[in-house]
Structures are given as C-alpha cells and as structure tokens.
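Trainee: Okay, here's what each chain looks like letter by letter:
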Amino acid sequence: MAEELIPVVCPYCGVGCRLYIKTVDGYPVGIEYATDLEGISNEKGKLCPKGNAVIEYLLAKDRLKKPLKAKEQGKFVEISWSEAIKEVAERLKTYAKDDPNQLMFFGSARTFNEPNYLIQKLARMLGTNNVDHCARLCHAPTVSGLKAVFGAGAMTNTYKDIEEANVILIIGHNYAETHPVGFRYVLKAKERGAKVIVADPRFTRTAWFADIFLQNYPGTDIALINGLIHVIIKEKLYDARFVRERCVGFDELVKAVEKFTPEYVERITGVPADLIVDAARTFATAGKGVITWAMGLTQHTHGHDNVRLLGTLSAICGYQGREGCGCAPMRGQNNVQGACDMAALPNVFPGYQAVTDPEKRKFFEEFWGVELSGEVGLTVIEAAHAIDEGKVKAYYVMGENPVISDANANHVIKALQKLEFMVVQDIVPTPTMEFADIVLPAAAMLENEGSLTNTERRVQWSFPAVKPPGEARPDWWILSEVGKAVGFDRDGSKGFRYNDAADVLREINACTPQYRGITPERLKANLAGILWPCPSPDHPGTRVLYKERFLTPDGKAHLAAVDYRGPVELPDEEYPFILTTHRYVGMYHTLTMTGRSEALVKRWKEPLAEIHPDDAAKLGIKRGEWIKIETRRGVYPIRAKVTRAVKKGVIAVPWHWAANVLTNDALDPVAKIPETKACACRVAKISEEEAKRLMEKLPQIIPRIEVVKG
Amino acid sequence: MAKKTIFIDFSKCIECRACEVACEREHNGMSFINVFEWQEMAAMALNCRHCETAPCVEVCPTNALYRDEDGAVILAPQRCIGCLMCGIVCPFGIPELDLINKIMAKCDLCAHRRKEGKEPACVATCPTDALIFGDFTEIQRRRREKFAEKAIEVAKKAEKISLLGV
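Residue numbers (the working numbering), protein chains in the order written: chain A, 1 to 710; chain B, 711 to 876.
Mixed in with the good hints, there may be bad ones.
To be verified - Using C-beta positions, here's what the derived DEER-type ranges look like: (1) A/248 with B/851: 37 to 45 Å; (2) A/30 with B/845: 22 to 30 Å; (3) A/525 with B/821: 51 to 59 Å; (4) B/851 with A/463: 39 to 47 Å; (5) A/258 with B/849: 39 to 47 Å; (6) A/525 with B/763: 49 to 57 Å; (7) A/285 with B/847: 54 to 62 Å.
If you are wondering where the hints come from, they were derived from the structure by calculation, not from laboratory data.
In this text the structure is predicted, and so the values were computed from the model without any measurement.
Glycine is no exception: its CB is placed at the ideal position from the N, C-alpha and C atoms.
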C-alpha cells in the first residue's frame, strides 16, 4: 500500500490547473493542491468546485470497459479490441477508396494534443480534410478573427498580464463562473486599483465585481464595441503612434464608426449613452488594458466580426505587445487551444499552416509520405447538413457529444440517424452513442498521459494517475492501432507505429513550428510547462506575443471596419422574447463528467430559466413554476427563476441539460459557428405533468446503453 | 483561543462553492462550510467560528466538545450522545446531526490536514482568497496596513496634482 501523489492537469476548463491525484496502487483516494509549484496557471494550487470533485467521474459505474458493436440502434454486443479495430479500419478504407470526403472526423478538446494530432493525420492521410472539433462551437471566431487582425488565433498574453493590467474589459464572459480560478487574477488586479468593465446581457457573478456594468441586449455586441471605438476616436484617446506605426485600416475604421454615437448605440443595445462614454474613457486612458471574452461574444452569426472589433479596440489603444496588456479569449476546455494547434480543423495543417498553401502541403506530403487534399474540409455543423444531402456517410467521433453540444439538436439527431457508419470513442455512454455502430472505450484524461495546451498557450504534461477500467485504452493507442490497420503501418512520421504518447509529441515537434522546442523531456522536467511559440529546444517560451511585429504578412495589425449586424432571428409577434444561453460554475458542458459527480449534481441539480419580474407577472409565472420555452426548432420544459439579472424581453437558459434543442444553427459566414447565444422564443406556463411529458422527448443526458448477449 | 482561524472576506466570494465540495471530499460526504447568496448580488461562505467563548463547549453535557492544541473546537465522537444541545445554543446554527452515526458533526478545521502542516481544504482551494487561514490579530493588522497604504497613495496623488498645478 504505497500512497503516491501524481501531478496531473485538471481535465475541465481552459485554465489548465495543476493538481496532484493521491493514489493507492493505482486507485484514486483523494487529491492534493499543488501549493509547491511555482509559475503554474493556478497560483497556490487553487481549484474550483469541478477540480475538487475530479476523481468522482473516474469512478462512475457506467464507465465503458469493452468495445461494443451495435446490433440495432442503441443495442450493443461486446466485441474484442482486435475485432473492433479491424471493423473500423475496413469500413474507413472502403469509404476512402470510394470518396474520402464521405468521411468526417471529430477531434476533441477533451483529450491530449497527441490523439488530436493523430486523428487529423489519419483523416488527411485517408485523403480528406473533413476534420473538426468543438472549438467550432466555441472559439472558432476567436481563431479566425484574431488571425485576421493580428495573424495568429490565440491569447496574446497570459494570466500574469491580467493581474498586471490597469483596466480589464470582460465582454460576453461570465468569468467568475466559467473560469473561477482565472478570475482570481481579475480580483488581484482590482485590489491593486484596476478598473473592471463588464458587458453582458445578464447581471452575472462577474458583474458583481464591475466598476462599470454595460447590460446590452444579446447579439448587439458590434454596436456596443463600435460605440466604444467611436468615443475613443472622437475624444482622441487612442494611441496615435501605435496606430501610425503598427496598424493599417484606421481611416476606414474612422468612417465605419462615425454613426455609432453613444445615443445611437443606446437605442440598439439598451446601454445608457453616458455609461458607454464612461467605459470608453476608462478603458482608453488606463495605460495598460486587457480584454477578455468567451462564448457570449463568439456564439453569434457575427462572432468573427465581434472578435475582429475587439482586436481593433485593443490595437488602437496600443494595448498590444506589452506586459499587462492584450487580448485574452478564455477557452472552455483544457485542451481546446491544443486541439486547434494540432489542426483538428478542416482548413489547416498542424501549426495553422493552410491546406490551400501548395508549399505547406508539399512539406506534409513529404512528411507523411502520401498525397494530400488541398480542398478545405467540412465543419461540425456543415457536416450535419452534408449528411442530409448524402455527401457524408460516416463519422468518427472521438470524445464529443454533438447531440447535446450542437445547435438545433433535433436536426443533429435526425442527421445522425441517416449515417451509414459511426464510431464513437468515449469514456462513458453519451446520447450520441445511441447512434453508433462501433463504440471504443477510452481511458479518461487522468488515466492517460500526454501534453495539454491551456488558454495561455501553456503546454503542460499530465502524468497517468489512475488505472483505466476494464479494457479502456488511451486515445493515442486506439488511433495508432486504427492507423496501422488501415494500412499506414510504417515507421517514423510516415506511419502510425508509436510506443507511447511522447513518441507522438516528438513527431509534432518536427512538423509544428510553434511546438518545435516543446519536447516531452522538457515538459516532464518542468511541471509549469512552456508557452508557445517555442522555436527551439533551448528557447524559454513566449509570454507576450507581437512585441515587435504582428504575424500578418505585412507585420501590421489589420483594423476591422464593420457595420452593425444583429442576431439573424429577432423577436416578432409570434416569438416575442430573445433567448440566450449560459452555464453554471459546477456543471460542465454536456454533463458527461459533472453529471456523474455526486458532489456537483447535489449542488447544481437542475437548470432554471431566468425571466424578468415584469415579463413573469404578465405571463403569470412565479418562481419555481414550470414553463415551456418554444422556438422555431424545438420545445424545452424548465422551471422559472424570476430575477432582475436579465432585461425585460430576455430569457436566459443554462445549456447543459440539452437546451440546444432550442438554439439556432444559422452560421457565421467566416467562422461557421452557430448562433447559440441569441434567437427568438416564446414562453408559456405549463403544468408539471406536461413538463414531464415534454422532458421525455429530450435527449437523455445520461443514457443507459443496453448491452445484449451474442 | 484558536491560534489560527478562517477569516471570511465576503467581498471576494464568487459563490463557486469550491469550499463546500472540498470540505465534503475531506469529511466523508458531509460539508461543514456553506455558501449563502444575498439577493443575487453578493455571497458569503460560513463555517464554524471556533468561538473564543464557545457556548457549544460550555453546554456539552458529556465534554464531547473540546479545544485541540491549535485552539480549534473539536468533537470527540466516542463521547457525543447526539443531544443537539450544542446545535441549539450555537448562534450560527453550525453543529449538525450526523444521522448515520447518531452523533453531532461540525467543522474541525481539517485536523488531519493541519497535522501535515497544510491549510484546511476550503481555504486551500478558495480560488479568490475569500477564505484566509491565519492568526486573526495578524490578519487584522495586514488589513489595516493595506487600508493605510491606499489612503497614503490617494493623499500623495492629490499632493502631486496640486504640485503640478492642475
């Protein structure tokens, strides 16, 4: 009985907290805070409620332990690993021979860099760029928007810079609930005297700490940001030297924001004009400023433009390339940055090298030893529509749950039913698994090792703490076996023969410029990790990006001039309310993990729809009563919470419990993100019986997977 | 007096309830700290105050409540008879009934962690430092110091502004 402390990275959000798992003979018995580690993202080993409950989901009774094969929809028989791998490989090969674009691969921000690298390598070697992951549903506009303005789609600074800032603009981001440990740095800055500006349609826990609170209507961000820029330019508060030397497109910007006077913006956003002026002055004159944002800003049909405008706002104030400044998009999963870096995306090779660039393609053709497609692949939502048209016939889903996470879930379910073949690789049964043909049991993050990239671009190594249950296997192992069985059975970078995750990372080092110096040896020796870009093995990593020049071709920041666009679906007579979605601090995404954690379920039992007291009175709704929310796409029963946290005419619903049956799958034209943060809805009071009846029609959060004999 | 106690800075509480989850993990499924929200605008965590003149210790008929070497008020399970008296006299409503063991249960300032030189779990985890573990006199002195620093800074700034003739 030897008690061991194993350093891991928390498997939840993008802060990437370090902690120790206390184990006895490979069985988890507790956790310990990483108070002894310097320079980690969670100073003094601090953890949020999810991090504290991290071992509970590992011990869930319904963990998948054997590969399964479907007899009919939702009914499975157990099979051996060799049968499963053989079947998957055969089917993939058949589709690839016919037309590789019939295949669609899902990488995952819920697993390490190595499996993400392998899944996109598998897809691309089979001849298709149809590979994407859940960043499409969260930070796709951040990747595309920041790339357009600054040349790279990542946080330009670190948590340390938030701590050192004099003003922090938090927009569409309930920082205190979504990243509690990261919010620590906002409070530290505030203690030093920094001002906090919060813009959100809801009066959130983050807003509790705001010096200036701007409550705009959902989806009116372009007007709000343009309004701030208008005041800054009109009052000449911008950094003229920075604009002259390091930016292009300022004249167009001046013209574009001309009409966005505070009064005009007030009419669109509902934010009082004097508050807009106040916020603009506070932000521009602080000397050092950081902007943070998350889903409230990105999940719109104009998400790409929202992000470009934030980059523009930051650039004209000269808040780039310095400590205590920058743009800080907060990532939702602990490896969503990594999954993007590893190119689980349809348009780029690892390290954001465009598939359409013949030179880059040539490099990877030589590196992997096969001919590659130069055609940009499908994104998550596009793939669901391509199934309708019969273009996509098979899905390989690694650690994703599109039935709950994708907008317009009812359409996703219909699409999945039409698929000819689907492989789901996960740790527990999910509603998506019901439509699978083959289920591959994966080891959970803490049972597995590999590198993870947090929101700050910090690459850290997580060590295996716990033995996986039954025959569950690491993701990299499964993909390497599938790769070999498909026929890529060669040594080195031209095949899928790997001994361990470190082997895969060495291959990543060789083909990804930003990761060149981030070797497994260095990561294992340094628990605080390394911030990319790290171009060589003796490079210390980079804290602040763009000190000398931006990564755009001309080295300048490309300011965005954007006219106002609101949500595509606005309230009308039939659907008079605006619906927006949010989340709870103790619950996580599609509940596959937190839904199996008793301590969390006890505290965050059920969703509550927030509705303004005046609206509630009009509809005769009291606190705790059942209501149904209806949109053009679905119906959702939920209990009401009457609160002044939302404006009149706005309904806010936590999305964890399958609320995406309501949301709109209209896409941003560039980032292809669905507009899950704003759509029109109507609300009516219902009886508990009717609520229960409606509930039965929703996808089950924790489904029972039936395993039958023979 | 408890040499070290938990100070609650409720101006920093974000109601994430990490303290509750951490406490529950360390105490076999029972949490002895609770977070309360005030009108959706503020929140506060509350645990046993380990009072200087603790009514629970004085009223306990079996001497099941005592102070350990750090001054924390601890319950000896083998002596407790579950009479609820400590819970009745506690002005904060802290002691609870543990229905499984039929005795009272309360915060022990994580005795097992203190033994290893660690902070109580709720304090160790608190993401925003709303909970601080330390000597009360020392904490108060630090707070006064911080206030003084700020006041001086404001005064200095005002002085500079008048010097510049703005």
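Trainee: Now look at each hint and say whether the structure bears it out.
Mentor: Evaluated hints:
no.	hint	result
1	A/248 with B/851: 37 to 45 Å	violated, 54 Å
2	A/30 with B/845: 22 to 30 Å	holds, 28 Å
3	A/525 with B/821: 51 to 59 Å	violated, 36 Å
4	B/851 with A/463: 39 to 47 Å	holds, 42 Å
5	A/258 with B/849: 39 to 47 Å	violated, 54 Å
6	A/525 with B/763: 49 to 57 Å	holds, 53 Å
7	A/285 with B/847: 54 to 62 Å	violated, 41 Å
When each numbered hint is compared with the structure, violations occur for hints 1, 3, 5 and 7.
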